[in-house]
Every structure is written in C-alpha cells, then in structure tokens.
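**Student:** Construct all of the structure, not just a fragment, from the sequences and the given hints.
The listed protein sequences correspond, in order, to chains A and B.
The first sequence begins at 1 in our numbering and counts up by one.
The second sequence begins at 1001 in our numbering and counts up by one.
These are calculated hints, taken from the structure and not from any lab test.
Since the model is a prediction, treat every value here as computed from it, not as a measurement.
Keep in mind that a hint or two might mislead.
[What the hints assert, rightly or not] Listed below are several chain A residues computed to face chain B (Cβ distance under 7 angstroms; list not exhaustive): (1) Q41; (2) Q42; (3) L46.
[Stated by the list, open to error] Just a sample of chain B residues kept apart from chain A, beta carbon distances all over 12 angstroms, derived: (4) G1067; (5) P1119; (6) D1141; (7) Q1162; (8) A1163; (9) M1164; (10) C1166; (11) E1180.
Ideal Cβ positions, reconstructed from N, Cα and C, are used throughout, including at glycine.
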Amino acid sequence: MSKVPEVMPDIVAEQWSAWLDDELPAAELELLIARLAQNPQQRSRLGRYGLIGAALRSVCPAADAQQLSDRVRRALDAEADSPVVTNSLSVSVAPDRRWQANIVPFAAAATVLLTLFVMATVKSPEPVPAVAMRANGAGMFMPAAAVGAERHRTQRFANQTLLSRQRLTDYLVWHGEFTGALAIQAADSRIVNDRSYAAAVRTRFEYPAE
Amino acid sequence: MAATDGDQLLVKRAQGGDRGAFDLLVLKYQQKIVKLVMRFVRDPTDALDVSQEAFIKAYRALPSFRGDSAFYTWLYRIAINAAKNHLAAAQRRPPEQELDSQDPDYYASDARLRDEESPEGLAIQEQLRQTIARAMDDLPDELRTAIVLREIEGLSYEEIAQAMDCPVGTVRSRIFRAREAIDASIRPLVS
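**Tutor:** See the structure below:
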C-alpha cells in the first residue's frame, strides 16, 4: 500500500484557500457559502489561514483575532433575537456626535433671545402712507416719499453737473493763460479762450518786437 | 476573481439577509481590522472589543452601502471611527503617528508595525512566528515557493503559474497544501 500523503487533499478547503486569495470563481463561491453553514470547522481553519498569512507578511499576527468572527456572530445572533435592537438598522459611519444633540436646545433658546434683542433695538422704518401716491416726471405713480427722494436725487445730479462744468471751464481758462504767457503764438494753443488770447495780445503790445 | 467582485457578491448576499455571507467577510478581514484597531487601542482586549463593534456597525449599516468603494475601504473607515470613538470615550489621545485614512492597505503592508502588548502576548506571537518559520523550512520547495510568492510577494495565481511554469490549478493546490502543512503545526498553539 502506498504511503498516505501527510496532507489530505480537501477540495472544499482548497476552495477556501483560493477564496482568501481572491482567486475563487464566483460560481464556486456560491456553493462555498452554502457549505460553510454546514461545516463550522471550516471557519476556524479559515481564521488560521489568515493568521499564517499575517505572520508570513511580517505583520504581527494577532492570535486573538481568531475569536473575533465567533464573537461577531454571537453578537449578531443576540441582536437578531432582540426585536428592539433589530429595528435600529440605521447606523452612521461617521464618528459619534451624540454630544451635539445636547446643545440643540441651548442653541434654539439663544437664537430666540437674539432675535428678540434685535427686534427691540433696531428702529423700524417709518411707514409710508399707502394713499400718498404722486406721479413723477415720467407719469408713473409712486409713493410720495419715493417721489421726494427721486427729486432730491435729480437735484443732486444737476448740481454735480454744474460743478463739473465750472471746474472744466476754470481748468481751461487757467491752462490757456499759462500757455499764453509762455508762448506768444496763442493761436497755436489747442486751448482757445478769450482770456489767453487777451493776455497774448497784451504781452505783444507791452513788449513790441524790435 | 478580483477581491471586489468576491466581496461584492458576499455584500449583496449579506444585504439580502444572509448572515453566513457576512460571516465570511468577517473571517476574511478580521486579522486586518484587529491590527488596524491596535494602532489606536493598544490594549489587545479593548482592540478586540472595538473590532467587534466595528464589524457589528458595518453589518447594521450594510443597507446603506452602495458599493461605490471597495468593501474593505468602507470597513476600514468604520473601524477607524470606532477606534477614535473608543479613545474619545476613554479620554485618551490617539497615537502621534497620523493615520492615513485614504490608504487602507497602509497597515496591512507595513512591516514596521509592532504592538505594545503584554509579555505573554509577545511570547505567544514569537512562538507562533518560530513555529511557522520551522514549518516553512520543512515544506517541499514547490510548496514553499508558491506560498512565498503569494503571501510575501503578493503575486496573483496567474503570475505564480508563469513564474513556476505550471498551471494555475497547480498553484492553487500548492498554496493550499502549504497552508495545510503550516496549519497543522500551529493548530495546537492557536486552539
């Protein structure tokens, strides 16, 4: 009789081994999942395979991690038996922020107080009489206060236009005189005005050419 | 088959109420999650509790998992949050080394990781490591090569088959037999 090999080939275990390496075809995986339920010993074997891999990769093997799958399974079994816990399936993946729930009432109270304070301190605008409607220049009916404001705005613009015109005139006059004082040929100046011309003529009369 | 394909299948089944499928996901990732949590929670007992909590939270939140990311990436975030919550509850500061929440594989591949466990835990780990090393030495060459290429080098079965000039089915068988042989040597220690 031939010698029995030390390691007996086990098709299912080999499939598990390949599955751990992500090398098992999906079709075989379907069957394997069904077999796992029938053979709980395979679970511990799978855990040891993982341990071997961790040790070989020089990552400190956590021997205790073997228990983890059993613990998780027992905990989930216990939860399934408890109807209260089973209903709470909405678990946030984000960090625990239950402390935020405690400050919500305080935040709401502070908001209300702040709103009341603002309402008490800020002066409300004077109401515009609804009946005081007047027509403006364009024939549009506007509230009386708005018509007054528009008139004021138009007057302001008119004043500014006048002021700008005055300033421009002054600039041209003074610039023309300065130019005329320096150059006899005032006509060449691009700035044409009476005062510069007069200045040029006066200069010519006072200092006639020889 | 890519990891995401296999995981997606299991996730879908778990979302449909198949607890066995979720059990498989726990079995697959328990080592990684415990090691990850132990980067925050140094006490091994607490780390196991937090890891358990993370898996249970993941199970409850499975209906909201749409599969936009890989299952392990999602699970990784849940585990980190569970660990941080545990630390906050214990009013302890997290370790100085900042965790890279975008890289789930960082810890799985980082050989610098060392746990500050109890002397007993360290002794068990050392014994385990020595036993596995002896079992590896006793393996036939083709089995040792296959499992080294897989577990240490991270090659796929296809790549190992090319490297060893053999069919993929043979690679699968060799890796399994290597695991079985090592498993036989560590079984007394672990159980």
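**Student:** All hints are to be evaluated individually against the structure, with a verdict given for each.
**Tutor:** Right, here's what the structure says about each hint:
no. : hint  : in the structure
1   : Q41   : violated, 11 angstroms
2   : Q42   : violated, 9 angstroms
3   : L46   : holds, 5 angstroms
4   : G1067 : holds, 14 angstroms
5   : P1119 : holds, 14 angstroms
6   : D1141 : holds, 16 angstroms
7   : Q1162 : holds, 14 angstroms
8   : A1163 : holds, 15 angstroms
9   : M1164 : holds, 15 angstroms
10  : C1166 : holds, 15 angstroms
11  : E1180 : violated, 4 angstroms
Against the hints set out earlier in the document, violations occur for numbers 1, 2 and 11.
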